[in-house]
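Start from chain A and add chain B according to the hints.
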Amino acid sequence: MTHLSDDTFESFLTLISNQTQLDLRDISFIDPYGMVGILEIGRFFYSKGNNKSLIVPYSEDVLKYLERMDFFKYAEKYFKLEPDAPKFINQYSRKSFSDVLLEITSIEKSDDIHFIVGKVKKRAHAILEKHLHYNERAINGFIVALSEACQNIIEHSENTGFVGIQKYHFQNINKNVVKIAVMDLGIGFKKSLEGLHTIKDDIEALEKALLHGASRYADRGRGHGLAAVRRFVNEWNGKLSIRSGTAKFSILPDWGYGKEREKNLTFFPGAQINIMLPEV
Amino acid sequence: MTTCNLFKLLKEELKNGSSDLVTRPSGQIIRERIERDIEKEKNGEIIALDFSKIGIIDYSCADEIVAKLMSRLLGNEYGDKYIYLTGINENQKENIEVALERKDLAVLAEMRDGKKILLGNLNNYLRETLELVLKKDKITAKDLSEIKKLEANTSGTRLLNLHKKRLVKRMDEIRDGGRVWIYESIS
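Chains as they are written, first to last, in my numbering: chain A, 1 to 280; chain B, 1 to 187.
Okay, chain A solo, but in the shape it has when bound:
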């Protein structure tokens, strides 16, 4: 496998489930979804007392990218890195790069989201205004959507998670895009909603949460956070995918690809949110 992104994550999950090591040697491209996904895989096995080995990519460009996204800061904890992290960690200057909107950041409590919002606000004009041509209203909407997506972890997962954001030039549509990945290892959408709703399977849980504002909390006004994310992504012609358990539900724009509903995927705990926003 040479590309690790939201497109290839399913194949990657299937590949690694019975392996003692994650082999990234041939990876030449990795996006925030791939990166945060690897960390969550590592954290999952680490929580079971099983530290998997991670063979880092050969590509120096990919290593540089992983380093400036703070990947190794967390990977060191959950994996046995091969070669050892100190051989390449901190040797790449970050000053010359301006494509990282948010390094991989852990989400454990409400204050973490304040930190994330503060950091993204500082960099928003350099990336969202310059490369995505977002105006102030769009930047505000972006930050609110990010905040709501991250809050999903605190409010519903009963666990912790990670977020990472990066700007790319997306060849398929010849446009700049920003990719946001938010993941946790929590109870997932189905279990979160089951207390108040009758839920058949993971795909129904995702649909009810995303399209009908279903929430684990009974009080009025709850369950609209993800709807706010969906509204923003729709308005700015973006793509939104949420994976939980064995299913994935996507809101696809006109330039989008992939399926709207996917079932019977390899089980992975928690929720994995992917947002992709093109320049306007």
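Reference listing, derived: stretches of chain B covered by chain A, where coverage requires no fewer than 3 residues with Cβ under 8 angstroms from a Cβ of chain A:
1) 9-18
2) 22-34
3) 51-60
4) 95-101
Pulled from the structure, derived: some chain A residues nowhere near chain B, Cβ distances all over 12 angstroms:
5) K73
6) E158
7) F170
8) T266
9) P269
Straight-line distance between alpha carbons at most 20 angstroms, and here's what the computed PhoX-like set of lysine-lysine pairs gives:
10) B/K11 to A/K109
11) B/K11 to A/K121
12) B/K53 to A/K119
13) A/K121 to B/K15
14) A/K122 to B/K53
15) B/K149 to B/K136
16) B/K15 to A/K109
17) A/K73 to A/K119
18) B/K53 to A/K121
19) B/K93 to A/K121
20) A/K119 to B/K15
21) A/K119 to B/K11
22) B/K165 to B/K135
Think of the hints as simulated: they come from the structure by calculation, not from any bench. Glycine is no exception: its CB is placed at the ideal position from the N, C-alpha and C atoms.
What follows is chain B alone, placed relative to chain A:
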């Protein structure tokens, strides 16, 4: 009118250096502080929540602070008091409006440019009546009947409903030997 500086409250309560109202737990902390402050105010007081130094407010925080405060105010939990929003910008307005609409609530607000607006849901009759109260500052059911050519009962009901939604103040006065309800703008 008592002003509640939300930026100051945020600094005092969260102590994390943020100027943004984001997340439900943060909203809950800020709302509980506002509730403690509201309790100290006398009946009839208007509490202005000042957003002028606040950056972003997300939907969850808008629901936790503004929508819950309005909902409880209407449920008579704080006594005869009123809430007014000031120093709002266009972006904040958008999220506060959605949070209020979800609960079928409304609140009066003053934008940063001084423009007074209504946020949330209110039917057209009441909206029209509210605009008139804002324009005249004080009005009686008789005044409303004369201006809008309405039955006395209709005028009285409209003004009373605005008062129940805490969008206008109500006071009584003795005029020509009889008690008259005066409805007053809270802005």
